[in-house]
Structures are given as C-alpha cells and as structure tokens.
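> The task is simple: from the sequences and hints, build the whole structure.
Number of protein chains: 2
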Amino acid sequence: MPLVQAIPLEAVPPSLQDNTADIDRLKLALLPVLRNMGVAGRECVVPVQSLPRVAAGFRAAGFRGDVVVNMLPRRVEIVDFVRDGTRPIMAMALDLGTTHLEATLLDMRTGNSLAAGHGVNQQVRFGGDILSRIHFAVRSGPGGEPDISGLEKLQREVVGSINQLADDLAGRAGARPEDIRGLSVSGNTTMIHLFLGTSPYHICREPYIPLVNAPDPCHAVDLGVAIFPMAPVWILPSIGSYFGGDLISGILASGLDESAATRMLIDVGTNAEVVLGNRDWLIACAGAAGPALEGGVARMGMRATAGAVEHVRIDTANWQLNYRTVENAPAAGICGSGLIDLVAEMYLARIINFRGKFPAAVEPCSEEHRAFLEERLGRDDTAPFFVVVPGRETADGAPVILSQLDLDAMMRSKAAMYAILTTLVSQVGVDFHELDRIYVAGAFGKHIDPGHAITLGMIPDLPLSTYESVGNSSLRGAELVLLSESCRHRSRDIRRKVTYLELNVNQEFMIRFSGARFIPHTDPELFPSVPSFRNGSDEDSA
Amino acid sequence: MPLVQAIPLEAVPPSLQDNTADIDRLKLALLPVLRNMGVAGRECVVPVQSLPRVAAGFRAAGFRGDVVVNMLPRRVEIVDFVRDGTRPIMAMALDLGTTHLEATLLDMRTGNSLAAGHGVNQQVRFGGDILSRIHFAVRSGPGGEPDISGLEKLQREVVGSINQLADDLAGRAGARPEDIRGLSVSGNTTMIHLFLGTSPYHICREPYIPLVNAPDPCHAVDLGVAIFPMAPVWILPSIGSYFGGDLISGILASGLDESAATRMLIDVGTNAEVVLGNRDWLIACAGAAGPALEGGVARMGMRATAGAVEHVRIDTANWQLNYRTVENAPAAGICGSGLIDLVAEMYLARIINFRGKFPAAVEPCSEEHRAFLEERLGRDDTAPFFVVVPGRETADGAPVILSQLDLDAMMRSKAAMYAILTTLVSQVGVDFHELDRIYVAGAFGKHIDPGHAITLGMIPDLPLSTYESVGNSSLRGAELVLLSESCRHRSRDIRRKVTYLELNVNQEFMIRFSGARFIPHTDPELFPSVPSFRNGSDEDSA
Numbered sequence: 001m002p003l004v005q006a007i008p009l010e011a012v013p014p015s016l017q018d019n020t021a022d023i024d025r026l027k028l029a030l031l032p033v034l035r036n037m038g039v040a041g042r043e044c045v046v047p048v049q050s051l052p053r054v055a056a057g058f059r060a061a062g063f064r065g066d067v068v069v070n071m072l073p074r075r076v077e078i079v080d081f082v083r084d085g086t087r088p089i090m091a092m093a094l095d096l097g098t099t100h101l102e103a104t105l106l107d108m109r110t111g112n113s114l115a116a117g118h119g120v121n122q123q124v125r126f127g128g129d130i131l132s133r134i135h136f137a138v139r140s141g142p143g144g145e146p147d148i149s150g151l152e153k154l155q156r157e158v159v160g161s162i163n164q165l166a167d168d169l170a171g172r173a174g175a176r177p178e179d180i181r182g183l184s185v186s187g188n189t190t191m192i193h194l195f196l197g198t199s200p201y202h203i204c205r206e207p208y209i210p211l212v213n214a215p216d217p218c219h220a221v222d223l224g225v226a227i228f229p230m231a232p233v234w235i236l237p238s239i240g241s242y243f244g245g246d247l248i249s250g251i252l253a254s255g256l257d258e259s260a261a262t263r264m265l266i267d268v269g270t271n272a273e274v275v276l277g278n279r280d281w282l283i284a285c286a287g288a289a290g291p292a293l294e295g296g297v298a299r300m301g302m303r304a305t306a307g308a309v310e311h312v313r314i315d316t317a318n319w320q321l322n323y324r325t326v327e328n329a330p331a332a333g334i335c336g337s338g339l340i341d342l343v344a345e346m347y348l349a350r351i352i353n354f355r356g357k358f359p360a361a362v363e364p365c366s367e368e369h370r371a372f373l374e375e376r377l378g379r380d381d382t383a384p385f386f387v388v389v390p391g392r393e394t395a396d397g398a399p400v401i402l403s404q405l406d407l408d409a410m411m412r413s414k415a416a417m418y419a420i421l422t423t424l425v426s427q428v429g430v431d432f433h434e435l436d437r438i439y440v441a442g443a444f445g446k447h448i449d450p451g452h453a454i455t456l457g458m459i460p461d462l463p464l465s466t467y468e469s470v471g472n473s474s475l476r477g478a479e480l481v482l483l484s485e486s487c488r489h490r491s492r493d494i495r496r497k498v499t500y501l502e503l504n505v506n507q508e509f510m511i512r513f514s515g516a517r518f519i520p521h522t523d524p525e526l527f528p529s530v531p532s533f534r535n536g537s538d539e540d541s542a
Numbered sequence: 001m002p003l004v005q006a007i008p009l010e011a012v013p014p015s016l017q018d019n020t021a022d023i024d025r026l027k028l029a030l031l032p033v034l035r036n037m038g039v040a041g042r043e044c045v046v047p048v049q050s051l052p053r054v055a056a057g058f059r060a061a062g063f064r065g066d067v068v069v070n071m072l073p074r075r076v077e078i079v080d081f082v083r084d085g086t087r088p089i090m091a092m093a094l095d096l097g098t099t100h101l102e103a104t105l106l107d108m109r110t111g112n113s114l115a116a117g118h119g120v121n122q123q124v125r126f127g128g129d130i131l132s133r134i135h136f137a138v139r140s141g142p143g144g145e146p147d148i149s150g151l152e153k154l155q156r157e158v159v160g161s162i163n164q165l166a167d168d169l170a171g172r173a174g175a176r177p178e179d180i181r182g183l184s185v186s187g188n189t190t191m192i193h194l195f196l197g198t199s200p201y202h203i204c205r206e207p208y209i210p211l212v213n214a215p216d217p218c219h220a221v222d223l224g225v226a227i228f229p230m231a232p233v234w235i236l237p238s239i240g241s242y243f244g245g246d247l248i249s250g251i252l253a254s255g256l257d258e259s260a261a262t263r264m265l266i267d268v269g270t271n272a273e274v275v276l277g278n279r280d281w282l283i284a285c286a287g288a289a290g291p292a293l294e295g296g297v298a299r300m301g302m303r304a305t306a307g308a309v310e311h312v313r314i315d316t317a318n319w320q321l322n323y324r325t326v327e328n329a330p331a332a333g334i335c336g337s338g339l340i341d342l343v344a345e346m347y348l349a350r351i352i353n354f355r356g357k358f359p360a361a362v363e364p365c366s367e368e369h370r371a372f373l374e375e376r377l378g379r380d381d382t383a384p385f386f387v388v389v390p391g392r393e394t395a396d397g398a399p400v401i402l403s404q405l406d407l408d409a410m411m412r413s414k415a416a417m418y419a420i421l422t423t424l425v426s427q428v429g430v431d432f433h434e435l436d437r438i439y440v441a442g443a444f445g446k447h448i449d450p451g452h453a454i455t456l457g458m459i460p461d462l463p464l465s466t467y468e469s470v471g472n473s474s475l476r477g478a479e480l481v482l483l484s485e486s487c488r489h490r491s492r493d494i495r496r497k498v499t500y501l502e503l504n505v506n507q508e509f510m511i512r513f514s515g516a517r518f519i520p521h522t523d524p525e526l527f528p529s530v531p532s533f534r535n536g537s538d539e540d541s542a
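Line by line, the protein sequences are chains Y and W. My numbering puts the first residue of the first sequence at 1, with every later residue one more than the last. My numbering puts the first residue of the second sequence at 1, with every later residue one more than the last.
FYI, nobody ran anything at the bench for these hints, they're computed from the structure. It is possible that some hints are incorrect.
If we take Cβ atoms under 8 Å as the criterion, some of the chain W residues that face chain Y in the derived model are [to be verified]: (1) Pro52; (2) Leu211; (3) Cys218; (4) Val221; (5) Val428.
The following label-pair restraints were derived from C-beta to C-beta distances [what the hints assert, rightly or not]: (6) W:Met37 to Y:Thr99: 43 to 49 Å; (7) W:Arg35 to Y:Asp408: 53 to 59 Å; (8) Y:Ala260 to W:Gly62: 41 to 47 Å; (9) Y:Thr99 to W:Arg35: 41 to 47 Å; (10) Y:Ala60 to W:Pro32: 45 to 51 Å; (11) Y:Thr99 to W:Gly62: 19 to 25 Å; (12) Y:Arg205 to W:Val120: 50 to 56 Å; (13) Y:Cys204 to W:Pro229: 27 to 33 Å; (14) W:Met37 to Y:Pro207: 26 to 32 Å; (15) Y:Pro207 to W:Val120: 55 to 61 Å; (16) W:Val33 to Y:Arg205: 28 to 34 Å; (17) W:Val120 to Y:Cys204: 53 to 59 Å; (18) Y:Gly38 to W:Val33: 30 to 36 Å; (19) W:Pro229 to Y:Arg205: 51 to 57 Å.
By construction, the Cβ of each residue, glycine as well, lies at the ideal position given by its N, Cα and C atoms.
So, in structure tokens, the structure goes:
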C-alpha cells in the first residue's frame, strides 16, 4: 500500500433529503473503501489546508473521482480530489547524502520509475563533511547563547538542493514539481537533522545523542520543500548519531531483517556502517572507516565519476601498470575502488610492504622492474609517492599520484573497517565463516573488487561469492517505503530491533584496530588466501 | 481533561549507556503518564514545527519539567516543554458571531477565567448579515469562474478581529498573545466557513449544503491566528447550513443532551434556532426569526448596549410610558427585549390591534389618554409611527420611534418564532405542557421578559418558571470544550444525534406561520393568559 494513493470513489450527490456537508459526505463514502483495504481503524481527516482544494475538487468532479490520500500509520489524510483517475500519482524517493543527492520519481499506481537523477548537496559550500556541518550549524553567539543562524542556512541549502532535483525529475517526467505528491528521505542522522532544521549539536559530543531518531511524518510545506504542499514527507528513522536512516534503508533493501540465515551488511559512505543479524536479531555499529575510500581524503581522491581510476592491475611479469577509468575518460583522480585495487596490487608487487609503507630500498629483479620503479617512485619534501598515471595521460597534465600520506589514511581506513567487522562478530560469538552472504552497499559495494579488499585485509577472507553488491540501498529503501506500508512498518521495527554497539568507547575495537594495521593482518593466518611477505630486512622508507 | 495541558514529567538524562534520542526519550517518559491518564492508545507525535522548541526546552530544563501537549481525540501532540510548572496554561474560548466576538481566557490548569472581552467582527465592513457575506465571499469572475478574492478578504478580517481580541485578553491577563496555547471557536456555519477560508457559496443555495460541518482540529498558525503557533484550534461542529456550532454549544451548556426530561432550547441570534429533546433524541430546526429582534431591522433597532431601551411599561391608569435603558444612558435606540416589551405593552394598551397594526381610530377614554395619543402617535409619508422616547430625552435629540414597518417586521419575526416552535413539537408529537424547562440563550434570553413574549404569542403560554435564561451559551460551550474532553466528545455526539428539520421546504411551517401573525394568535385559546381584544370594528390604519 503506497504512502500516497488515489482511491476511486463515488458519493451520492447532495439533495434536500440528504444535506450532509460535502466533506462529511466524502468521508462517509471513503469509509467502506478503507474498511475493504483493512485500514478502517485509522482516523480519517482533511487537514485544514486541504479543505478548499478537496471540497472544490469533489464538487467539480460531480462527487465521483479519485480521492488522493496520505496513508499514514495511524491516520488517513485526504489531501485532494481529482476527476481523472489515469494520470500517475507521483512521489519522489530521495537518498540525502552529505555531498550528493540521488532520487527517483515513482508512479504510486504502478510502482514504475518515471525519472531518476542526482544533484549536489549545496551545503558543501559550508563544510565538506559531517563534522564541519555540525560545527557550522551551531556556534557560540556573542553572549554564549547558541547561534543557530548556520543551521538555518544549511536547512535552506539542502531544501534548495532537493527542490532543484524535484524540479529536474518532474520536468523529465513531463510534470510540474507540484505534481510530486509524496517524498521519502533516507540519509544519515546529521543530514536528517539539518533537513528538519533541528540542531545537530549533540550528535558529535559525548554521549552523542541525536535530537530525534524517528521524526513523525510531516508535510512538504512544513519544510519548504516545493512540491505538492500537503505531500507527506516520510523520513527513514535513525538508530543513533552514527547510524542513520540510510542504513535502515540498507537493511530493508537487503532483507537482512527477514533472513533466516545470519548475514551481514556493509555500507561505506562518510562512515563505515555495519549490521549483522537475521530475522530474530540485528546488531550494528559504525565508525569512521570511510573517508579514504569515499574520495574525500586521498590527495587525488574523487568519487566514482568520469575520469576516476576505478581499476588497477600491476603486471609483475612485464612490469606494466594497467588501469581503467570511469567512462574511459582521461584520468583525473582515483576513487575508492581504484584505491583498493591500487594498494592491493602495490602490496602484491611489493612496491609497499606489509606495514603499508614504501620500503627503504627495493632491489630490482629485472630491467623492466628498474624502469618501472624509476618512472613511478618519487619523493617530495615530506614523503615518498607513487605515480599511478603519468601526466601525459591525465586530463589536466598533472600526474595522478599516491603519496605515503594517502597510503597511511588508507591503512587506517582498512584497519578500522576490519576492526569494526571483527568486533561486531565477536560480540555475538559468530564466526565469519558462518555468514552465507555479506551485502556491500553504496558506490563502494558497486565498484570494489572483493578479492583486492581481502588482499588488503579490509574484509574477511571468505569465498568471493559471499559478497554481494546491493547498489544504492539508501535510495532503494526510500523507494520501498514509498511503495509499501509493510516496508514502512519494517523500517520502524528495524529501529527497535537493532542493538547498537558504540565503538567510540569500545576497548576491544581499539585493540583490533591496532592488529589490523598490517597487510593483510598481524595474524596472517586469518587471511590464508593472501601471500605474506614479512621479513626482517623489510625496512620502511622515510 | 483540557484540550491543552502541561504534564509534569521526569526523564533519565542521556548517557553513553543510554543513547536514546532526546525526542524518543521524551516520548518514552510520557508513555506511562498517558497510560495513567487512560489515553495510552493515542498516537503520540511531535509535529515537525515543534521539534526544535520541544527539544531545546527539554534539554534546557534538564530532562524534567512540564511537557505541553495538545490532547486531540486520537493523538497527543507534544508542542512545548517548560521548566516552570506554575504559570497558567492559557487558552481562549471564542464566540464568533456575525457582528460581534466574545471571548474568555481560561487557565487550563484550574479552569479559572483570567480575562474576558469582546470585539467587533470586522467583516461587517463587507456586509452586515450572513447572506451579504456569502455573496461578497464568492462572486462570478470575468470568465464565469468563481472569484474568491472576497473570501480571502473576509478570512483576513475575521482573523484580524480574533487577533485583536486575543491581544487584548492576553494583555489583561498580563501575558502575551503567544502565551495563548489553545483556541476553541463556536459560531454559525457561515462564520466558521469564512474563518477557515472555505467557500460558503452553497450554504444559501438549494439544497443548502455546507462545505464542512465537522472540521478536523488544526493549528493556529494554519489559519493565521497570532497566538502560540501550534495551539490547537477546536471548532464546535455544525449540523447544517442554518444550524451551527453555536447551537451545539447551547446544547452542551444547557445539558439538553443529558437530560432525562424532554426540554427545549431557543437561541435567537441572526437566526432563531431551536432544539427539542433529551438524552435519547434531539430534533432541531432553524429559521429567519431573528433580525427584528437582534437590532438589525427595526429602524431604531440596536444591540443591547448603552442607551438601548431594554424595558418598557405603559401605565394605562395614568397613561404614562416608563422605560429603562442599558446602563441608564440617554436613549439611542431600542434592543430586542425592549421591542418585545414595547409591542406587548402597546397591544395591552390597545395602541395596536391584534393584527399588529395601528387602528384607524382610537376613542380616547380620558384626558390623559388623549394627551398620550397626541404626543406619541404620528404619521410620516408612508405610515403611522409611535414615539417611544421623545427627542428631548434622547442622546442625539431625535425621538426613538417605532413605525408600522418596524411593527410588521416584528410581527413576522414573532410569527416565525412561534411557527418554528410549534412545527418542531408537532413533529415529535410532544405538547408544550410536557416541557419542564425551556432554555433561552443569548442576549435575547438574558434580557427578554418571557411574560411579554407570551403576550405577543411569540413563545408558548407556559408558567414563567419554565423559562430559564442560559446567557451566552455559545461562549459557554466553547469554554466547556476547552476544559473537558467529555464535552468535546459530547459536541461530536450531539452532531450525530440531532435530527435536523429543514423548514425551508416545510409546508406545515408555512401554515403555522400564517396562523401566528396575530397577537397572541389566530386561536386565542392557545394563550389563555393573554387578554383577547378582537372585534369587528377594529379596523387598521393606513
């Protein structure tokens, strides 16, 4: 049952013998229909803002047509009455990311996608990552009072970004933004706070308490979203400051909460968020494992857009480096999956050692090897670097390089990721090998080569078939809650079902993190499929 | 249980071990309290507009204090959190009349009245009565499309009038309008339509269908009412175009719907509205009997304000006319009760005949009588008139007079009133003598002398103790729904319980109306207590 729907209805026209008021007449005619739909117990209301429109539409249609309702958990809101029951009833599903927005426009009658698109979260003007947004949102005012003018700015920016995307999608579907009659939003906790105009101040301050996890549904007009004013806005609930609705979406989309077998979901975005569980229990944690993989940290890092190096192979027989860029455009940087490929291949080619460092000296084993090293290895004022793509092949003539600093960030990210995964399974006494499926969400999941991630010791050494990419599951979850009431129920149930493991105060995590700062791991036996190159002479450079 | 209330509450502060989000924490703490109040089944929501305020208040108060909730029939809305639990939680009850507004400000904690006041409905600028307002609200636009610019104007005016009154009352209570956290409104169907900004077009057009009878609760901000934005606005439901929430208020205030004995309620405002019934059944009707009594029609008519002649006695022993004005101010006009007194006394003094006409000739029976007639009776171009107050005693030096035209209007009103009452009782086969109580509402009920109204044949000839004035029961009903949930339930139940008798298409009413156009009645036996002066020589003047 969709969040917004057009229900065919026919009422007896008024007469002197039956002088029921128009709106009461409409409600009375709707009642048996709702009963047939199994939702008779819900309060049926016409919001005062909708009264004139509903009444005019009902009269104009001659008391028969389609009543447009918002199907909320406990109430049915009548928001329009249309004569023509064939036009699509559109609603927009939105993945509200820290840097990017992605959305689809769905027809609520058929479930079909009418348009899809993406845009930038214009908030980036005021801070690239979550923390900087939080700090920008709430500052100390002159008298020590909190100054929330930043929050207002951020809210305006994100709403502006959403409006632009809505306008864009409506246009592509041959409609106007006012034709979008519902909106679902999936995003991290901070993005949702900023969208709602609620202070994110405590999200990043101990004990890390969000202001709200499960906001009640509201209307587009309440938030300034320029679609149908009374369109319901359904926000995927969060579980904690570092566990947002985007991951609940992931659980929904992957079906983790309905699986008999214990499975795992990994979502790497701004944070790495991981859920382990099945239909009986769910345990989750999140940590800052993402940045180096998301394109935000490495000097040449970028998102997986045109020109991003996404695959790398180093042929150690002929000492050739082969790469592929997104859309085969001239190289402009390197994305998360490219980075994992690159670092894994550098390790296998022994260009870096098991500590993730350039070794002090490498003895070339052939002429090609020497030429390769000479061309690729360099050193600037502070640290050594590796040339991934020489300047002659790049978009702007500058080489795409990976420095020791980038490598260090990457090592921290991969160590954090593995530490998160192991801490989580150890909490419930599950062994990795008991998992028959590990879902990997997001652009990360779509592009990475699990084999290379295993080589790095980022993810457990399991058969590659265990790993399954689930695409943008945040957006998929948003679509599901638009289309299905049981998914809306599930999203709320999941929230109640998930046990959240706070890593910020977890000693075990810190120990595991230290152990994971090697390739593949301090304990190579955990990664039997990965060659171990460890010897005493393996000294680091710099 | 008041519509708005402050509920004391204490929550466990957040910690790393308990990282429930603030709003969820608040809801969780409220849950057992609601259970104790017997309203556990209601949906508990924080409207998105209230999120920032509630969250900030909850934190600032250290997670303990008073949560302010709107107690709606199916949901509990959390709209504020205050630390200081001693200040009054104020709400305003409003009688929204066609020409006048009357309101009280109540403390929801105690039920005490904090201030009372009244004001003018500024809509009068655009039309004095209901019909002219309806015609002003919706006109034919250039292309035949309805032009609702008038409706928007009227809505603005009434909201402006309410805001002024709210400001006034808050000031008197030492508070600001934003401190008013709830509003109940009782008014006729048209006034409610105009307040809601919904078209009243069909109210005065066959088959006389209101757009809405029972609007769902909304918030002050939705209507532009400048009090606490999320204050719930509770509107007394209407039953039909000519039977508004003001009369439901009257039923509530008089307790007609809970009475074991069959009783009657008469409310004369712009219309005469009458309800007959008991706790098992209620039947109602309404008709245009009011204007002459309300001060709107008679040339010298006015409301019962300073200077209005409100009581009249004609001493036929000495042929003196004694009168009293409201506040003993110099006479400026005559109000409904004064008119009834006057016409009844004129009949008893045989200055007018049983047809309500000045006789062609009167034979004076004494010198005083002759002088009285000479001073008081006159004739202008069109018709004879009677001087109620000579110019030397009035506020502006012009005499207060009653012309034949005024008398005719009065006769129609009184005939309509009696016809309404008799039609109603005959419908259910009840005899007037079976009624142990007849409540008379409004200024009409407060000021009239039932004895004189009986003399005119306006109301049935019953013991005077049968009649009980219930004051401004429209306002009283509005107060009751603010204070008591059972009254809110009752107001909705009454709506469902009342059978509405449409007089516009009632043949019996027209016959009874004709029979009642005499003093006291065509059939004097219906009024044994009233002297009958009927003889053949009783010819009319003019």
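> Tell me if the beta carbons of Y:Ala260 and W:Gly62 are separated by a distance inside 41 to 47 Å.
Holds, at about 46 Å.
> Is the hinted range of 26 to 32 Å satisfied by the C-beta distance from W:Met37 to Y:Pro207?
Distance hint for W:Met37, Y:Pro207 holds at roughly 31 Å.
> Cβ-Cβ distance between Y:Pro207 and W:Val120: within 55 to 61 Å?
holds, 56 Å
> May I ask you to test the hint 28 to 34 Å on the CB atoms belonging to W:Val33 and Y:Arg205?
The hint (28 to 34 Å, Cβ to Cβ) holds, given that W:Val33 and Y:Arg205 are roughly 29 Å apart.
> Quick check: does the Cβ-Cβ distance between Y:Thr99 and W:Gly62 fall within 19 to 25 Å?
violated, 37 Å
> For the hint on W:Pro52, does the least C-beta distance to chain Y fall short of 8 Å?
W:Pro52 check passes; min Cβ-Cβ to chain Y is 5 Å, inside 8 Å.
> Please test the hint of 53 to 59 Å on the beta carbon pair from W:Val120 and Y:Cys204.
holds, 55 Å
> Using 8 Å as the Cβ threshold, decide whether W:Val428 counts as touching chain Y.
The hint is violated - W:Val428 has no Cβ within 8 Å of chain Y, the shortest such distance being about 19 Å.
> Assuming the hint says 27 to 33 Å, is it satisfied by the Cβ distance from Y:Cys204 to W:Pro229 or not?
holds, 30 Å
> Once the shortest beta carbon distance from W:Leu211 to chain Y is found, is it less than 8 Å?
holds, 5 Å
> Using the C-beta atoms of W:Pro229 and Y:Arg205, is the stated range 51 to 57 Å upheld?
violated, 30 Å
> Under 8 Å, Cβ to Cβ, is where W:Cys218 needs to be relative to chain Y, so tell me if that hint holds or is violated.
holds, 4 Å
In summary, the structure is inconsistent with hints 4, 5, 11 and 19 from the numbered list given earlier, while agreeing with the others.
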